[in-house]
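> Chain residues, written in single-letter form:
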Amino acid sequence: MRGGQAGPPERQETHGERVDMTVTDEELVARSIAGDTDSFNQLILRWERPIYALAYRQLGREEDARDVVQDAFLRAFRALPGFKGEAKFSSWLYRITLNLCRDVMRRARRAPFVPTPEGVDIADLAPAESAPAESIDDVVARKDLGRHVARAMSRLPEEQRSAIILKEYHGLTFQEIAELQGCPLSTVKTRLYQGLTVLRRELEGRGTGPSRAESRTP
Amino acid sequence: MNDPRDCGNPDALMSYLYEDGPADERRAFEAHLLACARCAAEVASLRAVREEMAAWAPPETVLDFRIVRDAAPANRRWGWMSAMPAWAQLAAASLVVGVAAGLSGLDIQYGKDGLRVQTGWDRPAESRPGAAVAVAPAAGSEAPWRADLAALKEEMRAEPRQPSAAPETVPVSTASRGGRTMTDEEWLARVRQLIEASETRTQREMALRLAEVVRDIDTQRRADMRRVADGLGVLEGRTGAVTAQQREMMNYLLRVSQR
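Top to bottom, those sequences are chains X and C.
Numbers 1 to 218, taken from this note's numbering, label the letters of the first sequence in order.
Numbers 1 to 259, taken from this note's numbering, label the letters of the second sequence in order.
These are calculated hints, taken from the structure and not from any lab test.
From a predicted model like this one, the values you see are computed outputs, not experimental measurements.
By construction, the Cβ of each residue, glycine as well, lies at the ideal position given by its N, Cα and C atoms.
Any given hint could be a false lead.
Unchecked claim - Below, a sample of chain C positions facing chain X; criterion: calculated Cβ distance under 8 Å:
1) ASP20
2) TRP56
3) ALA57
4) PRO58
5) THR61
6) LEU63
7) ARG66
8) ILE67
9) MET182
10) MET206
11) LEU208
Stated by the list, open to error - EDC-like, lysine to aspartate or glutamate: derived pairs with alpha carbons at most 20 Å apart:
12) X:LYS143 - C:ASP20
13) X:LYS88 - C:ASP20
14) X:LYS84 - X:GLU179
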């Protein structure tokens, strides 16, 4: 997983609440189905960050992403008795989230929102989010690059964008993405390849990408 | 082994780039890269794109969604009530009050003595709400049986005292039966008939009141729905205008920032 998104196995604590990683998702799901609400809350703790990241990258808007997270867990909780465990809980949750994101985009009839590239606020950059060794200049450059990536991603077709996000930031396998998108495995790879190619062109066009001319054959 | 079929093959390239897929396929592509500078450059540039993508992180936010167990499960019995719209609750309440008032023969009067509330069916006929309301407009339809009842009462009082009363002392209603004294069976039948008539009338009144209540509720509901729909339309219009303004502003900012 990339982009600073720690997945559930690495994360131990969220907002002061300890996540018990000794219990598997499947066990927590079984307990939740039996009526144990706390177990479902443990699942929320484990997965709320990745789900938020997925929704944010799909929609590009923090408020919408938070709404989708809440909606996704609520739907999952209501539909839990019907969850047969044929897929992983996380895959099921990703599917719900992607469907909700699609609904939001369809409803709004808009391309994903791209945050306005306004002037960088130094006060925003100072927090502990950055590594101690990272200078302000580096932070500014990273934020700037992040905005360019976001803008380039927003220009991709939805299927390509989803495939890249799921692979790049959530570490799903080609097979899992194919199941989520309901397409053959080779289609997922093609979408990834086409998406990455467009991203490369977009980033180069803005002069942010590292020069690769020397590494290419003429 | 350098397989020329791997050259430019996105399937093999992606499997190699993400280290996801059959191991032999990846090994074959790796061997191909040693011989194909074009594919090696492609892999290097896509790796660079992946590194750049790491810079895109979602903003920090507070996520504190939790499923909360209902604190008062005892109230679930009436929980469905809260899901009903307000107008439906009001309608149900009105219906219950109306039926209860009808069944109890509620009589509310406001006069010189102040407010007076009476219930029950054993009040004098003239003080009953049904009588007070219904006699005036439907005097023609009620007068015969009320007159009959009064005459019957008189007859019953008079009979023990004057067993051989002259025909002219018999009330008008009995005179119409040929002027003869009625037997016990006839009295009984007559009383039953009057009771049945009274019951029928009470039922009719009740049905009429219920129909009125339902009609009033329906009218009120329609009026409320219309008002709500109008309000929503106005809100929608305002929201749309504000959204359009914000979009314009965002587009402007976007254009300015891209210069």
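> Quick check on the hint: ALA57 of chain C CB to chain X CB, less than 8 Å?
With Cβ-Cβ at 4 Å, under 8 Å, it holds.
> Are LEU63 of chain C and chain X close enough, Cβ to Cβ, to be under 8 Å, as the hint says?
holds (5 Å)
> The hint names PRO58 of chain C as touching chain X; please verify it with the least Cβ-Cβ distance against 8 Å.
Check passed: Cβ of PRO58 of chain C comes within 4 Å of chain X, closer than 8 Å.
> Between LYS143 of chain X and ASP20 of chain C, is the straight-line Cα distance small enough, at 20 Å or below?
violated (30 Å)
> Hey, does the ILE67 of chain C contact hint survive, CB to chain X under 8 Å?
With Cβ-Cβ at 5 Å, under 8 Å, it holds.
> Should the interface hint for THR61 of chain C be scored as holding, given a Cβ-Cβ cut-off of 8 Å against chain X?
Holds: closest Cβ of chain X sits about 6 Å from THR61 of chain C, inside 8 Å.
> Let's test the interface hint: is any C-beta of chain X closer than 8 Å to that of MET182 of chain C?
violated (74 Å)
> For the restraint on LEU208 of chain C, tell me whether the closest CB of chain X is nearer than 8 Å.
violated (46 Å)
> Do the alpha carbons of LYS88 of chain X and ASP20 of chain C lie within 20 Å of each other, as the hint requires?
holds (19 Å)
> Next pair to validate is LYS84 of chain X with GLU179 of chain X; report whether the Cα-Cα distance is within 20 Å.
Holds: LYS84 of chain X and GLU179 of chain X sit about 16 Å apart, inside 20 Å.
> Is the hint on TRP56 of chain C kept, meaning its closest Cβ partner in chain X is under 8 Å away?
holds (4 Å)
> Measuring from the C-beta of ASP20 of chain C to each C-beta in chain X, is the shortest one below 8 Å?
holds (5 Å)
Consistency with the previously given hints fails for numbers 9, 10, 11 and 12, ordered from lowest to highest.
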